[in-house]
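Chemist: Chain by chain, the residues:
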Amino acid sequence: SQQGEEDPQALSIQEGENATMNCSYKTSINNLQWYRQNSGRGLVHLILIRSNEREKHSGRLRVTLDTSKKSSSLLITASRAADTASYFCATPPRAAGTALIFGKGTTLSVSS
Amino acid sequence: GAVVSQHPSRVICKSGTSVKIECRSLDFQATTMFWYRQFPKQSLMLMATSNEGSKATYEQGVEKDKFLINHASLTLSTLTVTSAHPEDSSFYICSALPGTHNEQFFGPGTRLTVL
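Protein chains in written order, with my numbering: chain D, 8 to 119; chain P, -1 to 113.
If we strip away everything but chain P, and leave its shape as in the complex, we get (with noise of 0.2 Å):
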């Protein structure tokens, strides 16, 4: 089956700095990658549409200048966090659609912990 996958897994920061999250479609081409953001005990909320070689498309409420997406190839979606806050501690994930498929899947997430 499809593979996605996220790195870093885990990364823990200090308040200020910025922090790169990339996806990769390991096996297929995904010209639409998504990001998901999911606090604890809650479910995931759609932060962020990105399609390959255009700019992406932030929901209502997510700030595209702190949440820089970049989808420079068909195989990767990179999301950096600008100058993170305690409050953007959360697991991070994305998902990748090949073509025209309903299926998506789903990266393994990452977990971020700002201190």
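Bound-form chain D, shown alone (with noise of 0.2 Å):
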């Protein structure tokens, strides 16, 4: 079953912009993680964010937590073309170390 929803589905952006993409999850958690998937390959592993933490930053990245309203933001800053990809939160809901409840991602185009 699917943890997380994330929104929007789809984001068309230009070069130099900023992309918002949000998660919102359903049972209490550990931590909370963002992958990115290039087309047909594998995942490469963003950022984790632990329940205790309310922002993070990595790079051109900055993550937030809110874990009252069960909820993610992942935020990618001057966004470049090779941005392009799908993003993915995931959770280990039952506990740390198990296996990853992934979201139905956000398809970011990043045009140049």
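The hints are simulated quantities; they were obtained by calculation from the structure and are not laboratory data. Note that the coordinates shown come from a computational prediction; the quantities given were computed from them, not determined experimentally. Careful, some of the hints might be misleading.
[What the hints assert, rightly or not] With a cut-off of at most 30 Å between alpha-carbon atoms, the simulated DSSO-like pairs for lysine-lysine come out as follows:
#, chain 1, residue 1, chain 2, residue 2
1, D, 76, P, 53
2, P, 12, P, 53
3, D, 77, D, 33
4, D, 111, P, 18
5, D, 33, P, 12
Fit the two chains together into the complex; they arrive one by one in their own frames, and the hints show the way.
Modeler: Listed below in structure tokens is the structure:
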């Protein structure tokens, strides 16, 4: 079963613009992770935010977590064409270190 | 960083044949590996949890006799799709968990096409 819902499902922007993707989840979590997947390829781990953290940065990525609303957002600043990919949030709902439950994903298209 | 490989990356087979997919953790030991399946334009769905030295745990709706999982060592798990059918065509991705880390490391995936 799906844990989360990403919003929007698809996003098209111009290079240089910021892209914001949202994720909502259903159960209590230990952490929430964001992944990127280029078309037909494997997953790349982007960032992990723990349940006691509210915001985390990594390069051009900024992730927020609101456990009271069971939601997270991923912001990519100054987007590039190479950021074109699908982005998924994922959580280990049963316990840390167990299988991940993935959201449906947001497909981001960045045009130059 | 930790590297997980999958072999083959692509496989095309005839209906009714069996296909084995290998997942290896190259520079760490993984007592637990996970197998996911991803249909086109969809998200990853967990199929089963593979534990070294014990039977795999399958998610609801996944047939254990059709998707055979063997986790024979701390660096290798295999998924065998038996009597494959066209509806089994999908992208199969494994991940490996080093110890009690939170972060899983994903393989590059195997694209299975059943004719």
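Chemist: Starting from residue 33(D), check that the Cα of residue 12(P) is at most 30 Å away, please.
Modeler: Violated, because 40 Å separates the two Cα atoms, which is more than 30 Å.
Chemist: Does the alpha-carbon distance linking residue 12(P) and residue 53(P) stay inside the 30 Å limit?
Modeler: 28 Å, holds
Chemist: For a C-alpha distance cap of 30 Å, please report whether residue 77(D) and residue 33(D) respect it.
Modeler: 7 Å, holds
Chemist: Taking only the CA atoms, is the gap from residue 111(D) to residue 18(P) under or equal to 30 Å?
Modeler: At roughly 27 Å apart (the allowed maximum being 30 Å), residue 18(P) and residue 111(D) satisfy the hint.
Chemist: Sort out whether residue 53(P) lies within 30 Å of residue 76(D), counting only the CA atoms.
Modeler: Judged against 30 Å, a Cα distance of about 37 Å means the pair is violated.
Comparing the model with each earlier hint shows violations of hints 1 and 5; every other hint is respected.
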